[in-house]
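Chemist: Starting from the known structure of chain S, arrange chains L and D on it as the hints suggest.
Chains as they are written, first to last, in my numbering: chain S, 1 to 148; chain L, 149 to 785; chain D, 786 to 1101.
What the hints contain is simulated information worked out from the structure, not anything from laboratory work.
Fair warning: there could be bad hints in the mix.
Calculated pairs, BS3-like style, for lysine-lysine (alpha carbon to alpha carbon, straight line, at most 30 Å) [to be verified]:
hint	chain 1	residue 1	chain 2	residue 2
1	S	Lys4	S	Lys142
2	S	Lys134	D	Lys817
3	S	Lys47	S	Lys3
4	D	Lys817	S	Lys140
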Amino acid sequence: MFKKLIADSTAKSPWIYHINTGSCNGCDIELVAVLTPRYDAERFGFKLAGTPRHADIVVVSGPITTQSKERLIRTLAQVPEPKCVVSLGSCPRSCNVFKGSYSVEGPLENFVHVDVSVAGCTPKPEAVIEGLYKATEILKQKREAMKK
Amino acid sequence: MMQHFPVLAVMVLFLGAFLVEIFGSKSRLTRNIIALAAASLSFVFIAALVKPVMIDGQIISYWMGNWTPVEGYAIGIGYEIDQLNLFFALLVVLTFLLSGIYSIRYMEKDRHLGHYYTLYLMLSGGVLGLVLTGDMFNMFVMVEIMTFAAVALTAFRNNGRGALEAAFKYLVIGSIGSSMTLTGIALLYMQCHTLSMAQISAMLAKGLSPTGIMALALIFIGFGVKSFIVPFHAPAADAYAAAPTSISMIFSGMVNKAGVYGMIRIVYTVFQAMDLEPMSLLLVFLGTITMFIGVTMALAQHDFKRLLAFHSISQIGYVITAVGLGTALGITGGLFHAMNHTLFKGLLFLCAGAVLYRTGTTDLDKLGGLSKKMPKTAICFLVGAFSISGLPPFNGFASKWMVYQATYSKAVETGNFAYALVTVIAVVVSVMTLASFIKVTQAVFFGQLPESCENVTEVPLSMRIPMWIMSALCIFGGVCYGFVNKYLLAPATEAAINVSRYIDVMMGDGYAASYGVVDMTVAPAGFSYWDPLVWLVLFIVVLLAFCIVIVTGRNTRGEVLEAKPELVDPKYDTFFSGEESMHSHVGGSDLFWGFRTDWKGYFDFMQGMHSGIVNDYAIWAVTATGCAALFMFLFIH
Amino acid sequence: MTILKDLFYILVFPGALFAAVIGLLLAGIDRKVLARMQKRVGPPLRQPFYDFFKLMGKETIIPHAANKAAYLAAPVMSVASLMLMMLFIPIFGFSAFSGRADLIVLLYLITIPGVALIIGGSASGSPYAGIGISREMVTMMAYELPFIIVLLAVARKVGGSELCFSMQGIADWQAANGCALFHWALIPAAIAMLLVIPAEVGTQPFDVAEAETEICEGPLIEYSGAPLGLFKLATAIKMFVMTALFTALFLGGIRTGFVALDAVILVAICAVLTVLCMTLIHAVTARLKIEHLFKFYWTIVTGLALISLILVWLGL
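If we strip away everything but chain S, and leave its shape as in the complex, we get:
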């Protein structure tokens, strides 16, 4: 009985940790804007967490630069299971206009398995919310699949 309750709650209370790996800040502003009164993602339970240890969904924006690669991997390792990685914008998908630069390592998929990818430069707030919502569904599946 409690297993179902916990699995349902995992989908209804996703806490977000945002990592900026070299983005132009456009997607970061859109992510924070999603939490403002106009779009209000908090009605689905989304909340920004201050530390990766509290996070369920990790939202990564920006192409993965050389500087930030190591820090990204270290931070992602510190997130407890079940976790979900969302790549925000087209930079983590394909590096967008920064592709081929001397300091850009590559798309996010080269380093970590991406669960949801929200495309756009910048994606519309509605798209961001839909992407996050899909992430909660994947979280619920991951929780149900966990051994305990």
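Modeler: Chains L and D alone, transformed into the frame defined by chain S:
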């Protein structure tokens, strides 16, 4: 047979001191055996007195050389053990016995240990003699033995920084105190032609002449210097920090209490001055500022033992405030807190000594994360820290609660708002004490381990046993405090109030009545007992419910993952915003920035006042004596 | 038979289960009303329940530098002592366990969750946690002073010349003499208590100890999974306990005689108080820095409490 025990207890210690000096330099084993044997024998003698004195209510009187009073005049040195004496004597013997056990391993790296044990036995003998004697000049002699042994022991590690300087300051201020005491005793002798406390108190029952008032002021200040209340507290900080830790424990546990015992005996019994409102106000005032200054100075320290020294000063302030109220509840609370202070402060000093023994430093800025290497010491330290902060179910909570209720009840009875403020200040001081120990916990035991402490291990067993004994007593005092009250505190409080019985036992029945001694009227204790057992049972039930939920929910909950020490996995690193975890320990002087900023003016002023120059401290001491004498002359008729 | 009854009191009502459920409900009300004040829809009222169960299902990672025993014991101590406090706070005349020294027991029990948070944070071994616990301790020092003065003032007012520290006694006095709030000498004390509540609970503008953006959640930084869930539960129960304490001290005159109805009224009053002293202040202010917080409590709030104590002392 029984009446010889007190003297034997003291004599065995002095004899042991001489024997250690003669035989001790030859073999370490002989020395340890003689010292521990002397301490244990003394402990046994005092413990054997518990049943007749505390439980059956006898008072033991012993005249040295059988020089009993002649025609109503006391000419011999008398030892009188009533419940109050025995209460303090029990604390004294327990402290020095545990310190002796601790010293075996703690002092092994020092040289000249023969001298150390000699001095330790002399110090113990001096303090024990002080609390057992019934003769004023004998009291002074014991005070002197205690002071000089203490000064020598402070300077024992004279290869370290500051030991000689600390000893010098202690010597100067201690001597000023002793001189005051001697002058006061001389004045009393001039007036009463006798030195027996029992007879003097009978003779002074009629009222205090100006000589008597001066004597009271001088002796009171003399003992105040010994217990290190403000404004005589400055050498204490240096002395406790510089002395070897087993001796610091004795200082804060025994020497302080000897001063407190002296004050209680002088004010309550000899001068019967507790009825006088000005005397009560003076004691409460001194106690309150001692509490407050002690704890605020402690918050600014970054040396472990110096911090503990300032806390000792602050807790003695609690005792003096409670004793100064003049109510039965106040005396009980003060005595209880004195006992608890010996226990938890001794425990804290032993933990500080353990840290110093293993890491070689007590600087809070250089330590950290030691709970991983010294877990048992950490647990004992937490017991001591929670006791001193007054958290239930430890003993500090019970005694502090008694003190708060005593002050607030007195406030309501007399209608004097100042006592309500004293209650508020006392509680705030308690919270600041908690803050200070959180700081030490974070700086020393939790947090990140510096590289210099990588090879630290737990302390040896003979050092852990005294710590465990004291922790157990702390918990026992908090949980079963009704038991403690019935067998230890209530008899002692009775004895402090009941002056005529004290006199009659020594000088013969009817003596007190013939001089018109009237027992003080003391407000009865109206104490709302909180029942710790009920509270504990409830807590345990809730915890059990938790345990059941935790155990049955094991399969539904998320897993608990813990790093194995060899495993290098960023998952188990500290979160540093993605950086590699480096050594960045927040402790010691980094903590409580907001508090220290707000109080910057006060702390700057205080730092200026505590200049470290002994001339300043001496001026404070003499000025305080003058002010006290003036106050007493003006207000006591 | 009485053991079963006592167990019911301890575990279900008014103890563990009741405190937890109502606490989480009040936390939900706080979030919802805050959202409405900001012209948003906001999370459903059940959101804290979802948060709690989600956290139960996450895995707990104990970092290298942490002391495992203190790390795991701290949240349990925190929640257990709060649940225990509910047993001593009367619900308009019904009190599960009452003695003669309840107020003092409560005063000490209230410091235990704060100390547990500090020990837990300290045991995590993170420098951010070190800063967080330093601020938490200074916050505790700041609000304890006015809180004590308020308790002393109420004890004196109720007891007269013999102080009354018993919660049941305070409830009875208020049933006889009307709510304590209506005696105008205690109004400054009530305002002071209303200002102490957000600092105790740790909501803005007094949440500098857990400043999310600045020191990454402070003492809770290394916590994850079930221990974190327990700490969040502790915060929620603390909201309920503090508002219930305020009701018992100042609004205790209402009494219908039916325990169930009294409980409902209590929850309603607690909800109103939560909105008044926590949500409203949260919505309109920014976070105070630690030195300003300390100064605020030791000047303004203490001043209000002292005014009340002096007025009560003078017999008014």
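Chemist: Now tell me if each hint is right for this structure.
Modeler: Cross-check of the supplied hints:
1. S/Lys4 x S/Lys142: holds, 13 Å
2. S/Lys134 x D/Lys817: Holds, at roughly 24 Å.
3. S/Lys47 x S/Lys3: holds, 23 Å
4. D/Lys817 x S/Lys140: Holds: D/Lys817 and S/Lys140 sit about 24 Å apart, inside 30 Å.
When each numbered hint is compared with the structure, no violation occurs for any of them.
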